[in-house]
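Asker: Quick mapping for you: the protein sequence lines, in order, are chains A and B.
Here our numbering is used: the first residue of the first sequence is 1, the next is one more, and so on.
Here our numbering is used: the first residue of the second sequence is 137, the next is one more, and so on.
By construction, these hints were calculated from the structure, which means they are not laboratory data.
Accuracy of the hints is not assured; some may be wrong.
[Said to hold, decoys possible] From chain A, some residues computed to sit far from chain B (all C-beta separations above 10 Å):
(1) T9
(2) R40
(3) E44
(4) N58
(5) Q66
[Said to hold, decoys possible] FRET-style restraints, in silico, Cβ to Cβ:
(6) S121(A) <-> Q201(B): 54 to 64 Å
(7) A68(A) <-> Q201(B): 42 to 52 Å
(8) R345(B) <-> R111(A): 26 to 36 Å
(9) D107(A) <-> E405(B): 38 to 48 Å
(10) T83(A) <-> T221(B): 57 to 67 Å
(11) E388(B) <-> D51(A): 27 to 37 Å
(12) E65(A) <-> A198(B): 51 to 61 Å
(13) D179(B) <-> Q57(A): 52 to 62 Å
(14) R118(A) <-> Q322(B): 25 to 35 Å
(15) P256(B) <-> R118(A): 16 to 26 Å
(16) D283(B) <-> D107(A): 29 to 39 Å
(17) E65(A) <-> T321(B): 50 to 60 Å
(18) D179(B) <-> N106(A): 29 to 39 Å
(19) R118(A) <-> S308(B): 41 to 51 Å
Don't be surprised by glycine CBs; every beta carbon is placed ideally from N, CA and C.
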Amino acid sequence: MMSSDSSDTAQRKQLLRLAIQKLACAPQAQRRYVQMGWMRPAIENLIRIGDELDALQNAGEIDAEQVALVTELREEVMRHLDTNQDFLEERDAAPREFLFGHALENDPWNRVRHTARRCHSRLAGADAPSAAIIAR
Amino acid sequence: MNTLFIGYNDGLARVKLTDVAEAQFVLQGPPVASVAVDPHEPDLVYAATLGAGLWRSHDGGATFQKSDFEWPLTWCATVSPCERTGATGALYLGTQLSAVFKSNDAGKSFEELTTVQQIPSRSEWSFPPAPNTHHVHQIALHLEDPDVILFGVELGGVYHSSDGGRTWAQTSADPDPHTLRIHPTQPNRVYEGGGASYCDSRDGGASWRRDLEGIPDEIRYFYSLAVDSGDPANVLLSGSRDPFSGHAVIPEMPVWSSLYRHKLDLGFEEITDGLPPRDETAMGTLAAGDAGEFVYVTEPGDIYRSTDGGRSFATVPYAARAARGSIARAVSFSPR
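With the sequences and hints as input, model every part of the structure.
Answerer: Next comes the structure, spelled out in structure tokens:
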């Protein structure tokens, strides 16, 4: 039986993985996540859990290479937070115009997306392909 | 038309439509993502599966045999209406990760269209929620010109070739191509049910126009589409507020979906006559048969049929218990 500590650690890893997935998606999907209100908590989870990576590593949930990648992604996101928050809320646009627009398609967020994809590939491992079978 | 193939999450049913729907489960086990009937040889039927490669039938879909095509996740199968070798049409398959394969010998051997791997935007393709599960979700082939090929990556765009796949151009269609259809008699009319929009083309898929006139702003997600074989302006489209309520992928989130009908220059109107309540039904899959005929296979597993161009639908009693509760991924009419 898992202890509460280990289940908490596994849950934090899961939240971290989901946050990285959202940052790794294509821009149109990310704009939809913004509209659903899911991108802000994803960013918050990345920043919060990204500050506790030692605990995840000590618990054997992630390895040193994964720690380095998540740290790189977290730093990349935080660098842009002060100047570029178009991923956090839908502003000054009708719902469709936002979805069809170009938010998150600038260079800083392209870099975030590519870093997140490297990070997700390393974190998801064999779990990743099943996502395509479950969702339609 | 009175025979349907319905690909479910756990196999394939051949369904005879009369006053009732009688299902015969002809393939059990893998999720069937796409079914294609060879228009030149209707006894030849292909079933693309997620996890078990490609299956073929040589008897009109009564029995299926596994082919040697072993790519595990095969999302779509399409047979060219105009390109054939001997008695059978050229078969195209789309896979995960994204690749396009072609067979000129009825699925015995395949050649990859390697130019797909060289498309510059490939590094941007991703299937939400994961970046390394993108796939070729749809392939559409021209009625008269074998050099015109369209394929759509979920999520990465719709690509058009006018030289048999030697070069590709990304189009302005919605980058999330859930459904691509070419009208069965009007070769240049192409339609897309995209993740965020309906789009159509009148030049064989080279250029596209977005049209959501008449659909409320809160409906921002679209999936299945079918076009009337007797009227290229009559298009049916399934929509939802978002993918999660539309596909019922999150148990605690209520389902919600609706169906819309597009008439030339009049925009879309919602179809309610004969369909289940919007808040009781996840998005289903559409197919078009004879002129004015549509079927809509909703989740979980109910069949609705229209013979008046989609203005109204009627339930077809469907006794196949095994089909209920399983996602209908693919619906195709058989000319047999």
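Asker: Would you mind marking each hint as holding or not holding in the structure?
Answerer: Status of each hint after checking the structure:
no., hint, verdict
1, T9, "holds, 22 Å"
2, R40, "holds, 16 Å"
3, E44, "holds, 17 Å"
4, N58, "holds, 27 Å"
5, Q66, "holds, 15 Å"
6, S121(A) <-> Q201(B): 54 to 64 Å, "violated, 36 Å"
7, A68(A) <-> Q201(B): 42 to 52 Å, "holds, 49 Å"
8, R345(B) <-> R111(A): 26 to 36 Å, "holds, 33 Å"
9, D107(A) <-> E405(B): 38 to 48 Å, "holds, 42 Å"
10, T83(A) <-> T221(B): 57 to 67 Å, "holds, 58 Å"
11, E388(B) <-> D51(A): 27 to 37 Å, "holds, 29 Å"
12, E65(A) <-> A198(B): 51 to 61 Å, "holds, 52 Å"
13, D179(B) <-> Q57(A): 52 to 62 Å, "holds, 59 Å"
14, R118(A) <-> Q322(B): 25 to 35 Å, "violated, 45 Å"
15, P256(B) <-> R118(A): 16 to 26 Å, "holds, 19 Å"
16, D283(B) <-> D107(A): 29 to 39 Å, "holds, 37 Å"
17, E65(A) <-> T321(B): 50 to 60 Å, "holds, 57 Å"
18, D179(B) <-> N106(A): 29 to 39 Å, "violated, 54 Å"
19, R118(A) <-> S308(B): 41 to 51 Å, "violated, 29 Å"
Hint violations for this structure: numbers 6, 14, 18, 19, all remaining hints satisfied.
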